[in-house]
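> Using the sequences plus the hints, can you model the full thing?
Quick note: the sequence shown, position 49, residue 757 per our numbering, numbers continuous.
Just so you know, the hints here were simulated from the structure itself, not pulled from any lab data.
Computed from a prediction, not measured in an experiment: that's the story for all the values here.
Glycine included, each C-beta is placed from N, C-alpha and C at the ideal position.
Incorrect hints may have been included.
Pairs of lysine-lysine, DSSO-like flavour, derived with a Cα cap of 27 Å [what the hints assert, rightly or not]:
| hint | residue 1 | residue 2 |
| --- | --- | --- |
| 1 | 770 | 871 |
| 2 | 822 | 946 |
| 3 | 770 | 845 |
If you anchor each label on the Cβ, the simulated ranges turn out as follows [claimed, not checked]:
| hint | residue 1 | residue 2 | range |
| --- | --- | --- | --- |
| 4 | 815 | 874 | 18 to 24 Å |
| 5 | 1105 | 1041 | 16 to 22 Å |
| 6 | 879 | 904 | 39 to 45 Å |
| 7 | 1099 | 1051 | 25 to 31 Å |
| 8 | 815 | 1025 | 28 to 34 Å |
| 9 | 874 | 792 | 27 to 33 Å |
| 10 | 1049 | 1009 | 23 to 29 Å |
| 11 | 792 | 863 | 30 to 36 Å |
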Amino acid sequence: MINLLDETSKIVKLDQESKHIFQNQLLNSFSHELKTPLNCIQQLVEVVMLKVNTDLQENILKPIKWQTDLLLCQINDILDYASFEINDFRWDFQLFFLEDLLQECISIYYQACKQKDIDLKLEMNSQDKHMVNNDYKRMKQVIVNLLNNSIKFTQQQGEIVLKVQEAKNNMYLIQVIDTGLGLSSEQLWQLQMNIEQDNLQSEYHQFHVGLGLKVANRLIRGMSSLQNGLNIDSTLNKGTIISFTIEDFLEDNNSQGSGSETIMKDAQLSRQLSQLTTREFKFIKQIICKCNKILIADDIPFNHHALKMILQELNYQADSVYNGQQAIDVVQQRIQNNKCHPFYSLILMDIEMPKQNGFEASLKIKQILGDQCDQTTIVMCSAYDNQECIKMCQNCLMSDVLPKPITKMSLQYIIEKYLR
709 MINLLDETSK
719 IVKLDQESKH
729 IFQNQLLNSF
739 SHELKTPLNC
749 IQQLVEVVML
759 KVNTDLQENI
769 LKPIKWQTDL
779 LLCQINDILD
789 YASFEINDFR
799 WDFQLFFLED
809 LLQECISIYY
819 QACKQKDIDL
829 KLEMNSQDKH
839 MVNNDYKRMK
849 QVIVNLLNNS
859 IKFTQQQGEI
869 VLKVQEAKNN
879 MYLIQVIDTG
889 LGLSSEQLWQ
899 LQMNIEQDNL
909 QSEYHQFHVG
919 LGLKVANRLI
929 RGMSSLQNGL
939 NIDSTLNKGT
949 IISFTIEDFL
959 EDNNSQGSGS
969 ETIMKDAQLS
979 RQLSQLTTRE
989 FKFIKQIICK
999 CNKILIADDI
1009 PFNHHALKMI
1019 LQELNYQADS
1029 VYNGQQAIDV
1039 VQQRIQNNKC
1049 HPFYSLILMD
1059 IEMPKQNGFE
1069 ASLKIKQILG
1079 DQCDQTTIVM
1089 CSAYDNQECI
1099 KMCQNCLMSD
1109 VLPKPITKMS
1119 LQYIIEKYLR
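Laid out in structure tokens, this is it:
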């Protein structure tokens, strides 16, 4: 009887593990399927913005880009919530300039606030640029959710302030302050009860809370060692202040030595590149090298179209393949037939492709190159950006990660880093 119970327990455990694996695979697939067309739209908008006049950019193209940014944040809310449910949530900490992230969040809602006659502004207690180590994507999701909530409940001619204050012990206090409808004490209590509950259904039916606030409340608990959730202060007919604390985890990484310094330099390089004009970047590229060649491996034709147009703006050309096996074949053919420059300098490698995926193709290409593998840099270029994929990227000898949607600035950064 005991043996039977043991065997039954093992079967149940295996079933649970299989279910978890299936849910994880389904989540990754769902992420890829949702983000792929959205990434294409964002990349094509980015290309068009490089070629049209300022009025068209301001009135049409930038609003499209901001709305796709908002949609991407909402998709990430869904994916993060699902990750919480299957205990597969993972952070993605990186170095970035806090001011740049905040300004990006303001930009997403600039047009909406202008249309509604709301004064939206950013306030900081320092003019200095602050580089912090935290989860860029999740912090953006939190702020976007809070701003979206404030805009919804703030009337015309109102005001919304995104305020940041540097505190002690590498902490930053971030507040979203609005002059909106506000909440009564009863409504505020109901709101707090709702966002603290893990499930989407609540006994407080009369006070609906969307997914965004629930996810935001869970996310920010991991953004500082304080592990505090959202702090909400609201007065009916006067407005609401939502506050949270994030931490700069940079000191923890300083013990790692030169690796942290390299990341710092990369982030600074990325910022410097964003200040270059296209003409200046073309001039730099001509000084560096005139012979670099790029290969794009991606199964979505629109991605090739958008990437090639951005590369043309940077005075680069690229070849195209549409699956992993084609990438392997083209690399072999180039080694055999091109005596002048037998190696691609850079391969932008998608992951989810037919015949051979990006991981398999990258490993095979590095094997083909052998002692000359340093001649070709392979960069993972995909909607998959979780830690598991990044670890796989490293195991398959890829040099870096370029998350989709790919912008001109992010592509400039990769080119300047590897094509010298």
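> A separate judgement is required for each hint: does it hold in the structure or not?
These are the hints, each one checked on the structure:
Pair hint residue 770 plus residue 871 holds up; C-alpha atoms about 24 Å apart against a cutoff of 27 Å. As the CA atoms of residue 822 and residue 946 are separated by approximately 21 Å, the hinted pair is consistent with the 27 Å bound. For the suggested pair residue 770 and residue 845, the alpha carbons sit about 20 Å apart, so the restraint of at most 27 Å is met. The hinted range of 18 to 24 Å is satisfied by residue 815 and residue 874, whose Cβ atoms lie roughly 22 Å apart.
Here the CB-CB span from residue 1105 to residue 1041 is close to 21 Å, well matched to the stated 16 to 22 Å. The given range of 39 to 45 Å is broken by residue 879 and residue 904, whose C-beta atoms sit roughly 22 Å from each other. A hinted range of 25 to 31 Å for the beta carbons of residue 1099 and residue 1051 is consistent with their spacing of about 26 Å. Distance hint check for residue 815 and residue 1025: the Cβ-Cβ separation is about 32 Å, which falls inside the suggested range of 28 to 34 Å.
In this structure the hint that residue 874 and residue 792 lie 27 to 33 Å apart at CB holds, the actual value being about 30 Å. Between residue 1049 and residue 1009 the beta carbon distance is about 26 Å. The supplied range of 23 to 29 Å therefore holds. As the Cβ distance of residue 792 to residue 863 is approximately 34 Å, the hint placing it in 30 to 36 Å holds.
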